Amino acid sequence: MSDPILATRNLKKSFGALIATDDVSIDLKAGEIHAIIGPNGAGKSTLINQICGGLRPDSGSVALLGCDISDYSTGARARAGLGRTFQISELAMEDSVLENAVLGAIGAGAGPWKFWKSALKTQGLTDRAEAALARVGLSDQRDMKVANLSHGQRRQLEVAVSLTLSPKAFIMDEPMAGLGAEGSKTMTGFLDGLRSEAPILLVEHDMDAVFALADRISVLVYGKIIATGRADEIRASKVVREAYLGDAA
Amino acid sequence: MRVKEKHVNALVIIGLIALPLFALISDEPFTITLATRAVILALAAVGLNIILGMGGLVSFGHALFFGIGGYTMGILAYHAQTYTTLDLGLFATGGTEFMPVIWVVAMVVSAVLAYLIGLLVLRTSGVYFIMITLAFAQMFYYFAISWAQYGGEDGLSIYVRNDFPGLNTLVPIQFFCICFVILCLVLFLKARLQNSPFGLALNAMRQTATRVETVGLNPMKLKLLAFVISGAITGLAGALFADLNRFVSPTMFSWQLSGELIVLIIIGGVGRLMGPVIGACIFVALEHFLSGLTEFWHIYLGLILLGIVLFARGGVIGLLTGKEGAHV
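So the protein sequences, as listed, match chains A and B. Just so you know, we're using my numbering here: the first sequence kicks off at 1 and counts up by one. Just so you know, we're using my numbering here: the second sequence kicks off at 1 and counts up by one.
What the hints contain is simulated information worked out from the structure, not anything from laboratory work. There could be a bad hint or two in this list.
Here are the simulated DSSO-like pairs of lysine-lysine, each with C-alpha atoms no more than 27 Å apart in a straight line [to be verified]:
| id | chain 1 | residue 1 | chain 2 | residue 2 |
| --- | --- | --- | --- | --- |
| 1 | B | K323 | B | K6 |
| 2 | A | K224 | B | K221 |
| 3 | A | K114 | B | K221 |
| 4 | A | K224 | B | K323 |
| 5 | A | K121 | B | K323 |
| 6 | B | K6 | A | K114 |
| 7 | A | K224 | A | K12 |
| 8 | B | K6 | A | K224 |
| 9 | A | K117 | B | K6 |
| 10 | B | K6 | A | K145 |
| 11 | A | K185 | A | K121 |
| 12 | A | K117 | B | K221 |
| 13 | A | K238 | A | K29 |
| 14 | A | K145 | B | K4 |
| 15 | A | K29 | B | K221 |
| 16 | B | K4 | B | K323 |
| 17 | B | K323 | A | K145 |
| 18 | B | K323 | A | K117 |
| 19 | A | K168 | A | K185 |
| 20 | A | K12 | A | K117 |
| 21 | B | K4 | A | K168 |
Some chain B residues well away from chain A (every beta-carbon gap over 12 Å; in silico) [unchecked claim]:
| id | residue |
| --- | --- |
| 22 | V104 |
| 23 | I173 |
| 24 | L189 |
Some but not every residue of chain A turned toward chain B, in silico, with C-beta under 10 Å [unchecked claim]:
| id | residue |
| --- | --- |
| 25 | S89 |
| 26 | L91 |
| 27 | L103 |
| 28 | A105 |
| 29 | K114 |
| 30 | W116 |
| 31 | S118 |
| 32 | L125 |
| 33 | A236 |
| 34 | K238 |
Predicted, not measured: the structure shown is a model, and the values here were computed from it. Beta carbons are placed, not taken as given, at the ideal position from N, Cα and C, and that holds for glycine.
Using the sequences plus the hints, can you model the full thing?
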């Protein structure tokens with residue numbers, strides 16, 4: 001297979017005596033969904049934050065398309081092609097659905113240094129935003145305030161905003177969190193199709209979704225990757241069963 | 001009854017121009033001066049409202065820019081009127097009494113200062129931001145008091161209002177018109193700014209800086225530019241205010257003035273285009289009528305403010321239109 005789209009090399013991060021990320025090297029190849037699973041407190045969020053720029057690792061590096069982005073700010077990583085969604089929706093609650101998507105289009109396009117023309121009347125921005133909304137099925141809610149959306153719709157919008165960026169790689173932190181069975185199914189179907197566009201690094205607790213979607217799974221326990229492999233390998237792995245999956249698998 | 005915000009806005013503008021015209025006909029020049037005062041305070045608060053309403057950062061030191069604008073006007077006019085040179089190290093100038101030049105200089109000086117101060121203060125937020133902006137304004141306040149060359153504590157009188165081509169600026173209604181046109185122009189630009197990509201990003205930044213970062217934008221740069229624009233507008237208002245009174249003093253830097261500007265915005269409606277304008281009109285009217293009744297008129301102003309904060313979070317505009325304002 002070709003070079004990975006996204007790769008971390010020997011990431012280490014400790015908070016005092018606690019080692020939150022212990023020598024983590026994972027990669028994300030074109031066209032795949034790579035899921036990271038692990039019990040609560042395993043360091044999944046810490047890992048994601050180091051990949052996306054919110055946290056600096058103590059050592060190790062992150063590379064996107066072969067380019068070392070370890071010294072990039074969060075914004076620069078987004079511009080380089082990381083599209084992130086959050087576990088708890090990070091959206092402008094007072095703004096409309098369309099405005100939130102247009103914000104993404106502004107980031108993806110010419111940037112915020114335009115002061116004259118109305119953003120919602122700039123076709124380049126709205127086209128991009130509406131295309132993303134249409135894909136997640138939020139076209140009808142475009143003028144609604146985000147504060148009035150249901151939880152599930154906010155999750156969809158969260159994904160739509162990252163779509164406007166046309167990222168090289170998606171980093172998704174529990175996109176199914178709080179979705180009902182039906183919502184999870186829809187989201188699973190959507191992410192399934194998305195992988196051909198850009199690979200997805202998926203952190204998820206919903207094991208049904210993980211086993212349905214993931215091409216590869218890495219298991220993170222106490223900051224360490226204890227196993228990486230195809231879904232069936234992980235399911236069969238004794239180490240993983242003992243450490244995490246228990247009866248669920 | 002609920003009314004549309006644009007109707008309220010139109011009504012305010014019409015009222016603001018009708019009052020001085022009425023005063024002109026009935027020969028009450030003092031009313032025109034009051035209206036001019038309201039227009040200038042409104043302009044200063046429109047400036048503050050960019051960083052406070054859109055950016056969500058409560059600057060408690062915007063008197064700094066107001067004072068800078070005032071002193072820029074004072075110093076330039078003082079040298080022009082006394083035929084002395086103003087030596088700025090790199091070059092010397094004889095000052096100027098030409099309003100447009102004064103405005104541009106006031107805005108540029110305020111903007112540069114806002115940029116430098118912004119680099120420091122915008123690293124903080126919340127109470128720390130309030131305190132550090134206050135501290136900067138107080139620094140300038142005490143500096144102005146000790147600046148003997150330009151009047152120190154007593155301030156600096158400018159005997160004649162500065163010039164504007166084709167107008168006699170000492171005629172109240174003519175000076176009012178200058179200020180009113182500037183206010184309308186700035187409001188128009190603010191309206192464009194609010195809806196522009198920059199405005200949308202700034203607005204989102206107030207609500208979630210994390211989101212703004214993850215779409216590849218830099219919150220610090222957004223805040224910094226907002227602070228610079230905000231400071232420049234308030235600086236321009238300061239220059240006009242000094243021209244209105246033909247007097248500059250350290251009180252233009254005072255924290256009371258910073259507080260008043262915030263009060264104006266809260267009365268009118270935080271983050272609303274016309275919020276500061278309505279706020280300034282109400283404030284100046286109260287100041288005039290209540291202070292005629294009692295020396296302790298601030299008590300009543302306080303009560304009104306309390307009522308608005310408790311029962312009408314969107315300010316007067318929110319009350320009329322039934323919509324809440326931006327959450328800061």
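Hint by hint, work out which the structure violates, then give me just those numbers in ascending order.
-> 2, 4, 8, 11, 15, 20, 21, 24, 33 and 34
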